[in-house]
Amino acid sequence: MKRDTFLSEVSRHKFIYLLALPGIVFFLVFSYLPMFGIVIAFKDFQMGKGILGSPWNGFKNFEFFFSSGDAWKVTRNTIFLNSMFIVFITFFQVFFAILLNEVRNSLFKRITQSIMFLPYFMSWIIVSVIVMGFLGSDTGAVNKALNSLGHEGIAWFSSPKLWPAILVVLNAWKWSGYGVIIFLATIVGFDISFYEAAIIDGAGKLQQIFHITLPLLKPTIIILTILAVGKIFYGDVGLIYGIIGDNAMLFSTTDVIDTYVLRALRTSADLGMSTAIGLWQSVMGFILVLISNKLANKYENEGALF
Amino acid sequence: MKRYFLKIIAVCMILTMTVSMMAACGKKGGENNQVSSTTEVGTAAAAAETTAQPLKEYKITALFPGDTPLDFDKVIAQAEKQVKDSLNVKLDFQFIPWADYGNKVMVKMTAGDDLDLHLNAPWLHMNQMISNKMIQPWDDLLAKNGTEVLKAFPEQMIKSNKFNGEIWGIPLGNVIAAAKTSLYAIRGDLREKYGMSPIQSFDQLEQYFLKVKENEQGMVPATWNASQFSLFLTTDANFYQFGQNNANVLIPFNADGSVGEIKPIYEYQGFINMVTMLHKWYKQGIIDKDVMAQKDGKGAYLSGKAAYSNVDFVEEIKLQGAVPGAKMEKADVHPDVKPVSDFKMWNFLCLNAKCKDTERVTHWYNWIFEDQSHYDLLQYGIKDKHWVDTGAGTYDLPAGVDATNNYTFPGYVLLWNPNFDRISAQSTQAMKDENAFCKDSANYTQSALTGFTPDYEPIKNEIAKVGAIWAETILVMAAGVVDPEQGLAIAKRKLEAAGYLKIVEEAQKQVSAFAAAK
Amino acid sequence: MTIKKNSAEKVYYTVIYGVITLFSILCLTPFWLMVTGSLTKESSILKNGYQFFPDQWSLAAYNMIFHSQRILKSYLVTVEVTVLGTVISMLLTCMLAYALSVRGLKYTKYISMFVFFTMLFSGGMVPWYILITRYLHLQNTILALMLPYAVSPFWMFLMRNYFRGIPDSIMESARIDGANDVFILFRIMLPLSLPSIATIGLFYGLMYWNDWYLSLMFIEKEGLFPLQFLLRSLVSNLMNVAASLNPKMSVMQEIPAYSVRMSTAIITIGPIILLYPFVQRYFVKGLTVGSIKG
Chain A
246 MKRDTFLSEV SRHKFIYLLA LPGIVFFLVF SYLPMFGIVI AFKDFQMGKG
296 ILGSPWNGFK NFEFFFSSGD AWKVTRNTIF LNSMFIVFIT FFQVFFAILL
346 NEVRNSLFKR ITQSIMFLPY FMSWIIVSVI VMGFLGSDTG AVNKALNSLG
396 HEGIAWFSSP KLWPAILVVL NAWKWSGYGV IIFLATIVGF DISFYEAAII
446 DGAGKLQQIF HITLPLLKPT IIILTILAVG KIFYGDVGLI YGIIGDNAML
496 FSTTDVIDTY VLRALRTSAD LGMSTAIGLW QSVMGFILVL ISNKLANKYE
546 NEGALF
Chain B
320 MKRYFLKIIA VCMILTMTVS MMAACGKKGG ENNQVSSTTE VGTAAAAAET
370 TAQPLKEYKI TALFPGDTPL DFDKVIAQAE KQVKDSLNVK LDFQFIPWAD
420 YGNKVMVKMT AGDDLDLHLN APWLHMNQMI SNKMIQPWDD LLAKNGTEVL
470 KAFPEQMIKS NKFNGEIWGI PLGNVIAAAK TSLYAIRGDL REKYGMSPIQ
520 SFDQLEQYFL KVKENEQGMV PATWNASQFS LFLTTDANFY QFGQNNANVL
570 IPFNADGSVG EIKPIYEYQG FINMVTMLHK WYKQGIIDKD VMAQKDGKGA
620 YLSGKAAYSN VDFVEEIKLQ GAVPGAKMEK ADVHPDVKPV SDFKMWNFLC
670 LNAKCKDTER VTHWYNWIFE DQSHYDLLQY GIKDKHWVDT GAGTYDLPAG
720 VDATNNYTFP GYVLLWNPNF DRISAQSTQA MKDENAFCKD SANYTQSALT
770 GFTPDYEPIK NEIAKVGAIW AETILVMAAG VVDPEQGLAI AKRKLEAAGY
820 LKIVEEAQKQ VSAFAAAK
Chain C
955 MTIKKNSAEK VYYTVIYGVI TLFSILCLTP FWLMVTGSLT KESSILKNGY
1005 QFFPDQWSLA AYNMIFHSQR ILKSYLVTVE VTVLGTVISM LLTCMLAYAL
1055 SVRGLKYTKY ISMFVFFTML FSGGMVPWYI LITRYLHLQN TILALMLPYA
1105 VSPFWMFLMR NYFRGIPDSI MESARIDGAN DVFILFRIML PLSLPSIATI
1155 GLFYGLMYWN DWYLSLMFIE KEGLFPLQFL LRSLVSNLMN VAASLNPKMS
1205 VMQEIPAYSV RMSTAIITIG PIILLYPFVQ RYFVKGLTVG SIKG
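Here the protein sequences come in this chain order: A, B and C. Per the working numbering, residue 246 is the first one in the first sequence, and the count goes up by one each step. Per the working numbering, residue 320 is the first one in the second sequence, and the count goes up by one each step. Per the working numbering, residue 955 is the first one in the third sequence, and the count goes up by one each step.
A portion of the hints provided could be inaccurate.
Derived Cβ-Cβ restraints for the label pairs, each shown as a range [what the hints assert, rightly or not]:
| no. | chain 1 | residue 1 | chain 2 | residue 2 | range |
| --- | --- | --- | --- | --- | --- |
| 1 | A | Ser351 | C | Met1067 | 24 to 32 Å |
| 2 | C | Arg1088 | A | Thr470 | 33 to 41 Å |
| 3 | B | Lys409 | A | Ile536 | 57 to 65 Å |
| 4 | B | Gly719 | C | Val1037 | 40 to 48 Å |
| 5 | B | Pro717 | A | Ser351 | 55 to 63 Å |
| 6 | B | Asp774 | C | Leu1228 | 55 to 63 Å |
| 7 | C | Lys1175 | B | Asn629 | 36 to 44 Å |
| 8 | C | Val1037 | B | Asp459 | 52 to 60 Å |
| 9 | B | Gln603 | C | Gln1005 | 28 to 36 Å |
| 10 | A | Leu540 | B | Lys452 | 30 to 38 Å |
In short, the hints are calculated from the structure, not lab data. Everything numeric in this text was worked out from a predicted model, so none of it was measured. Built from N, CA and C at the ideal position, the CB exists for glycine as well.
Given these sequences and hints, build the entire structure.
Shown next, in the form of structure tokens:
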């Protein structure tokens, strides 16, 4: 009986499943075939024996992280920072997308949209030089400005409490232009008749934004958020290691799982250990996605992942 | 119409893709092209060959870090031509950017790709390669077919660079030992300006720094990259580092090269003295306030913004470009102490255990050292095109050749050798002196740990745990930022919780075992 | 009434233009530093750092890069990979995204899970490398630079989201008229989705343009190295020439180590920023306007 409905469903919508087939094959080949490598997380990987031949060692690869006493601290930082990133970056992306949408002058729109996209291309290594130029204790532009106003300079690079905010600002700066492109493409697809009807009813610009644009953007925002939640246990190494580096003074608020593991395995490059922690990060992220997806399904009609 | 056209293109593409993928699956991965040569073999170098048979062409594959030098193909073509009749090898040398080299080598070796030669080192994954038998020792091969190689090296060098008694990698160095660790590069012109005599102790160094702070606005006396384990490690002149860069035990040497007491780093007096001094300097404003965030300490010195760095004389010209009249000078704070050395090199040339023709590879490597001209070809390029011989073991650029647009081969990946290497004719006297010093074993006291091969496998968990917190416990003191009064106690607590004592025990165990076995 | 509305609108637009301009300045300034950094004489950078208006100009950084004979070939490789790769990726992605965007089907939910799972779980570098070299034999072929990244789950889900934004009624009426789903996708959905196609296509294009990892892993033959790999190699090498013990003394101070880092970034970003304004016209209003009345 079960087989019957499977075949009948597929044949009824055969073109749809056919269209999906090449993509499915792609993932089967390039993602699922190599996936058996995950077992390295539970093995004492030895180059000479390969993946299948290396001996099992249970959960030993997880030990260095979980018995360290710092596991909780870096995990907390990772989740906190990533949550801040999700909230603020999404906010600014939507904010600027809506603003740009209101702009009438096409030339201004095109130029500023291109300019806003530029930060996406700047590597954090280069940005860190600029950050140094701003926040240097003696030579930094900010402290110099503070001094000229009669205030004492701030020791930026030894004040951990300031850095979550600084990192959020930097990340929002980098990703706003990118997000504007995504959201603008969505906004542009909205049916104008909604807006026309609203204008006839006497709605002002702000009301249009809050009652039409934002609700219509919800599915996009939700799906982007769920996808980001999946990675919430993964620290943004490029950002954090590029900007903070080995400045241990700031670790209490900025050290994330990935930078911690990077330092631990920098000189030994043990494949088993790095795979193990990566597996844990993935599993946790996956669980969170299942939860947030369920919530999305419950409270919103659109936008859930599956 | 447009849409149908699009659809047709799409279908064609998918078909092409599928077909080519299937074709690729059917093809055999073509590695070594075995092309039979018709020329007779008559080699003078391979004296062991008794039967003259046409040698099939063999491709020597190698992977190195760096960038492919300009004109590399021309140099290789020359090199291949010179051995066409005797060895008939093709040289397939690939370069990978430094940052990615370690990963690529590991993946290739694990996957079993054809890779005869590559650079490796204890600071990379040579120890794993040895214990997993991914590479093979050179001893027998050199004895049979590599006599010139053995002759090329000072005896000391080969002996001191064995791993567990065998030559697992050809040591690559153009000197036989590192320069003294008690050398600190300062600004000689400033020292003279203050009327100070050459600096010979930490106290005098401190005087120098204070004078810089007083007199030079806009300069910070000392700054360095926080990520490097401090260049100010210990007040002792000589020591050995057991462990990795970010998880180790410092073992001091006595003047005769014997091993001193092995203690945890936070109980080791040399380290304690050093970080106490560094903290004093930090409070005095000698050390950059932002030193923990510094990412380009050398750049600061070379642009005249800092009065100290761990640069080499090679870069002095940059300093002079930024600050005319500046002079780089290395102060030796332990002028009367001879450096202790185990003569271990930083880089090794490793031979794949699965190499298909080890004799040929060894023969070819031997060829390099048969004649100075062979070494010169690979290291410096085509004579009179890329370099000129200026006699007495020196070389220079030909007239009109732009240095940034010339053949530059990173010798330390393949063939560096103290006896064959040339010095640039444009070296400063300081560079020449340093080079000569590092080539003379009389300048060094032999370390009791010569030939010692540490094994970090049993403590790899501890190294990982300690490595993760090294920056916040030890590096902060080594940067002078944290007061050792509290810092040492905190370090002790945290490091012991991370299993540091096991590393110390292991160090004691292995060192005593090595001493006993001698 | 009208006067009030006008001044309120004026304030409204001033704020909007003002905020956007401010942010644009924040985005442009660091980029400007990069541009000038790539054109500043190296000795000037050493002395004065990066300046907004360099005191000494120099094309040395660009000369150094374009001198390399391999640059032209690598540009061609990159362009080929970007164009072909984007087309292949868009094709596969749109087909899959459309299939998953149709509501009410029984198994598409599981296919979505199947795809999403790969975003989080991976077997790592070693099995992936072995698969592509030992089993698929893609090394040293141009396919190696395109196939492994052909479909991005993230962008596929984004595309699915865009497709879902198109009213169901359009598809319904097409089905009633007897169209099958392939027809619907290619002749109805795609024309209505120009902005989203432009968006996702842009992102794929950027990915192929910027990637150096695939060539690092799978290319060892001259003639197949893309631009990014060469540039990365060049920068890495320069850093080491500077530190090598074989000094070419008199010119050491002019080895454009810092400025080359900037110029490699500019060379990468340049073509994109120049191209982007021309592509922007596709990001205009879609064609759903007025397609459904009543």
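Results of checking the hints against the structure:
The beta-carbon spacing between Ser351/A and Met1067/C, approximately 42 Å, falls outside the hinted interval of 24 to 32 Å. Between Arg1088/C and Thr470/A the beta carbon distance is about 40 Å. The supplied range of 33 to 41 Å therefore holds. As the Cβ distance of Lys409/B to Ile536/A is approximately 59 Å, the hint placing it in 57 to 65 Å holds. A C-beta distance of roughly 42 Å is found between Gly719/B and Val1037/C, which places it inside the suggested range of 40 to 48 Å.
Checked against the hint of 55 to 63 Å, the C-beta distance between Pro717/B and Ser351/A comes to roughly 58 Å, which is consistent with it. The given range of 55 to 63 Å is respected by Asp774/B and Leu1228/C, whose C-beta atoms sit roughly 56 Å from each other. For Lys1175/C and Asn629/B, the Cβ-Cβ distance of about 39 Å falls inside the hinted range of 36 to 44 Å, so the restraint holds. Hint check: Val1037/C to Asp459/B, Cβ distance near 54 Å, so the stated range 52 to 60 Å holds.
Checked against the given bound of 28 to 36 Å, the beta carbons of Gln603/B and Gln1005/C, roughly 32 Å apart, stay inside it. For Leu540/A paired with Lys452/B, a C-beta distance near 53 Å fails the hint of 30 to 38 Å.
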